[in-house]
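Residue numbers (the numbering used here), protein chains in the order written: chain A, 38 to 333; chain B, 35 to 183.
Bear in mind the hints are in silico, worked out from the structure with no lab data behind them.
Given the structure is predicted, the values throughout are model-derived calculations rather than measurements.
Heads up, some of the hints might be wrong.
[Unchecked claim] Just a sample of chain B residues kept apart from chain A, beta carbon distances all over 12 Å, derived:
# : residue
1 : M35
2 : S38
3 : V56
4 : C57
5 : P146
6 : P147
7 : N156
8 : E159
9 : L181
[Claimed, not checked] Listed next, with one range per pair, are the computed distances between beta-carbon atoms:
#  : chain 1 : residue 1 : chain 2 : residue 2 : range
10 : B       : V99       : A       : S100      : 38 to 46 Å
11 : B       : V99       : A       : V243      : 32 to 40 Å
12 : B       : F148      : A       : D204      : 32 to 40 Å
We put the CB at the ideal spot given by N, CA and C, even for glycine.
The lines below spell out each chain.
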Amino acid sequence: MKTYHDIASDGGSRILEQVSAQQERLTARLSSVRRIVAIASGKGGVGKSTLTAMLAAALGQQSCRVGILDADLNGPSMAHMMGVRRHVPIPANGSVSPALAANDVAVMSMDMFLPADSTPLLWRAPSQQNAFTWRSMVEMSALRELLSDTDWGKLDVLLIDLPPGSDRIQNLADLLPDLSGVIIVTTPAAVAQMVVSRSITLATDVAGLAVIGLVENMTSFACPVCSHQQRLFPAAPDTRSLAEEHDLAYLGSIPFDSQLARQLDHGRCFVSTSPDSPASRAIFSVARSVHTRLNL
Amino acid sequence: MGLSETHGPFDGTLSIVYECPVCSHRIAMLTNRAETQMVRSLGVKIGGRQTEAEPMETLRSSLAVPRDGEPEQAASRSKCPFTGVVSEAFAAPETPEFEWMPEAKARIEAIPPFIREMVQQNVEEYARQHGYRRIDEAVMDEVKGALGM
Chain A
38 MKTYHDIASD GGSRILEQVS AQQERLTARL SSVRRIVAIA SGKGGVGKST LTAMLAAALG
98 QQSCRVGILD ADLNGPSMAH MMGVRRHVPI PANGSVSPAL AANDVAVMSM DMFLPADSTP
158 LLWRAPSQQN AFTWRSMVEM SALRELLSDT DWGKLDVLLI DLPPGSDRIQ NLADLLPDLS
218 GVIIVTTPAA VAQMVVSRSI TLATDVAGLA VIGLVENMTS FACPVCSHQQ RLFPAAPDTR
278 SLAEEHDLAY LGSIPFDSQL ARQLDHGRCF VSTSPDSPAS RAIFSVARSV HTRLNL
Chain B
35 MGLSETHGPF DGTLSIVYEC PVCSHRIAML TNRAETQMVR SLGVKIGGRQ TEAEPMETLR
95 SSLAVPRDGE PEQAASRSKC PFTGVVSEAF AAPETPEFEW MPEAKARIEA IPPFIREMVQ
155 QNVEEYARQH GYRRIDEAVM DEVKGALGM
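Given only the sequences and the hints, what does the whole structure look like? Please build it.
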């Protein structure tokens, strides 16, 4: 007499084998990437994408081969910031080519697959009702493909710009067990630091990730005439204390610069066009620290 | 049992009917909308994968509004008479179960929003039971009479 277990199968779909093959493809693709680093925060609006774009450009100037994956599938901005929004990824030989931005930074973003700036990310389904039950799963599949099917070539470091939400750190750790570490971004605002503190705990204690360090963004406003720096959040808690509390390296602070925002809006590389500005100098300092800590 | 006919996919569900060649006994297997969508979200081929995955295959074929020239998801050939049919059926764009004629649609849209969906479901259920694929004013009148409205 046969039991249920004798006949139960997935009808020849071999789902587990297919999932295993996906993971092998991902591992093979990233074998030529020395370090993979996530830029995360947990809090939105702190400047993760700005830091990712400028850190990549600064590392590129230090002769590093750098790639950026924009993991913010629903709010992609990296292709625009890096000036490669018009790039069309063409499949060839089992992969697609990333866009090449200033300093030869390779860029891949969901932006490049959507027809217009106003097109939201919607997935094909019989109904968008109850999409919460499967949406995160198809997004993880898309993120896996953006990583595994992009021809990154040989990279010293691949920076992954994560969307807001501390859960994104955990999801990425599940997808990439060999993640080199996470750079956490915050602003001096107390609310941001509260959320960021939780994200640090999740990254270290739950996901078991190495946190490379903490970066404070929008620390001060630099006068465009005399470069005098005024703190944007005068009564804010000290970010260095937050780093010490979690036993993390403090990688540096970056002043707010309206020119930086304007240059990114136009897809121009700020650290190349204004290398002597206080913001650029701060970004170069963070890049040097990251370079050392990652042994690039 | 041999494959007799399929219905759908309509609203994400598919009915596959098999028939015994000797006694004509028929059984139907139905897919669950949520489960099918969940498996497809993994980026795997229902029915098994015979060829290497194309670059960005799931991403490009799953976008509701893709760039021009993006591919449809190719069906997978399978030895299994169920998963093979499921794979082929879901590879093609889904067609609506009912064709709503403009005058019938206008009558539905004239109904207050808070009961509109319920009325539409009742009309479609009536059409399903009576084998109608096109819903026009005559069907609407039949439903009205049947429900005593």
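Practice problem: Compare the structure with the hints numbered earlier in the document and write down the numbers of the violated ones, lowest to highest. | Solution: none
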